[in-house]
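Visitor: Sequence:
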Amino acid sequence: MHFACVLALWAGRVTGLSAKVRQSPWELAQMWDKQTLASFSVPQLDAFSVILQGECPLLSRAVRCRQRRRPGLARLRRLESSYLDEEAFLAKRQAVAMMRHVWKNYEQHAFGKDELRPVSGNGTDNWGGIGQTLVDALDTLWLMGFMEEFDRAAVWVESSLSFSKDLNVNLFETSIRHLGGLLAAFALSGRAGLLAKARDLGDRLIKAFPGAAPEGESKMSIGALDSEFRKLLNQVGLPTDALDSALGTAEAEAKPAPISSLPSSDINLGTGAGAALRLFCCSLANLEPEV
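Heads up: the sequence shown is residues -16 to -1, 1 to 275, going by mature numbering (1 follows the signal peptide of the UniProt record, and there is no 0).
It is possible that part of the hints are untrue.
What the hints assert, rightly or not - Computed cross-link-like contacts, DSBU-like style, restricted to lysine-lysine with a CA-CA straight-line distance of at most 35 Å: (1) K88 / K76; (2) K88 / K149; (3) K149 / K97; (4) K18 / K76.
What the hints assert, rightly or not - Cβ pair distances, simulated, as ranges: (5) E39 / L246: 53 to 59 Å; (6) S144 / K88: 16 to 22 Å; (7) Q78 / N106: 24 to 30 Å; (8) G129 / N152: 32 to 38 Å; (9) K88 / A58: 44 to 50 Å; (10) R59 / N89: 41 to 47 Å; (11) N106 / R62: 47 to 53 Å; (12) Q78 / E39: 23 to 29 Å; (13) N89 / V139: 17 to 23 Å; (14) E142 / G38: 56 to 62 Å; (15) N106 / S66: 44 to 50 Å; (16) V80 / G254: 37 to 43 Å; (17) G38 / V86: 36 to 42 Å; (18) L74 / D135: 24 to 30 Å.
Please keep in mind that the hints were generated in silico from the structure rather than gathered at the bench. Keep in mind that this is a model prediction, so the values were computed, not measured. For every residue, glycine included, the Cβ atom is placed at its ideal position computed from N, Cα and C.
From just these sequences and the hints, can you work out the full model?
Guide: Laid out in structure tokens, this is it:
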């Protein structure tokens, strides 16, 4: 896609270039086709037009334009590749710096808390005290190379995080933030303690689904489960016994139990009691003011 963009510039397919160097977002939108507009940001497209006219993009040190004349195809391709590489490097460096700043403050003022209030600098457990920010950030810490920070967070999860509490949680949010965060962190690090926490949470969340087995019998039959999904979970690193515990065995999948309704929208981690979203919607309807 990048080379096609460069070729279009050089061949003159982009005919809307004005005499001025800088292009407004509206002018850029008129110049480029929809596929190109979806592939590059407005500042990038602006930089392309600037380079085409023999100028240098703003704040760029990778593109040195000594001759103010239309570059040939080979030079145009080199200039734009240099510009995109430089922009990607600077964006990565800025993202890492921002993450380091945010996490340093979270560790200092709210480590283990659900959230850090940005103005007061105080930690708060407005998710019920289950380390929402910390668990949700585990895989990000690993992927961004913050290994010491990841180790400290993982130790807290293994030693201090508990889901054994009388707490109502949203099934969707807890699944993607906590269960997903723990599984992703386990897949990256291989720390068994993280998997143990994920299994404990999964056994509690699964009770939100109709027909979930009682405590001590957590197998759940899901006949429509595709074999590729099981294969994917195996690649993540989940052992076979964990998969069978959560998803059921192949024999059970052959005779799936019918599912009569959607899962509860909320679940109590301690009691396993669920709450249906439709009841919440109905309660909101009752609060609608009279006209």
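Visitor: Against this structure, judge whether each hint is valid.
Guide: Comparing the hints with the structure gives:
no.: 1; hint: K88 / K76; verdict: holds, 18 Å
no.: 2; hint: K88 / K149; verdict: holds, 29 Å
no.: 3; hint: K149 / K97; verdict: holds, 16 Å
no.: 4; hint: K18 / K76; verdict: holds, 27 Å
no.: 5; hint: E39 / L246: 53 to 59 Å; verdict: holds, 57 Å
no.: 6; hint: S144 / K88: 16 to 22 Å; verdict: holds, 20 Å
no.: 7; hint: Q78 / N106: 24 to 30 Å; verdict: holds, 27 Å
no.: 8; hint: G129 / N152: 32 to 38 Å; verdict: holds, 37 Å
no.: 9; hint: K88 / A58: 44 to 50 Å; verdict: holds, 45 Å
no.: 10; hint: R59 / N89: 41 to 47 Å; verdict: holds, 45 Å
no.: 11; hint: N106 / R62: 47 to 53 Å; verdict: holds, 52 Å
no.: 12; hint: Q78 / E39: 23 to 29 Å; verdict: holds, 24 Å
no.: 13; hint: N89 / V139: 17 to 23 Å; verdict: holds, 20 Å
no.: 14; hint: E142 / G38: 56 to 62 Å; verdict: holds, 59 Å
no.: 15; hint: N106 / S66: 44 to 50 Å; verdict: holds, 46 Å
no.: 16; hint: V80 / G254: 37 to 43 Å; verdict: holds, 39 Å
no.: 17; hint: G38 / V86: 36 to 42 Å; verdict: holds, 41 Å
no.: 18; hint: L74 / D135: 24 to 30 Å; verdict: holds, 29 Å
Hint check: no violations occur; every hint is consistent with the structure.
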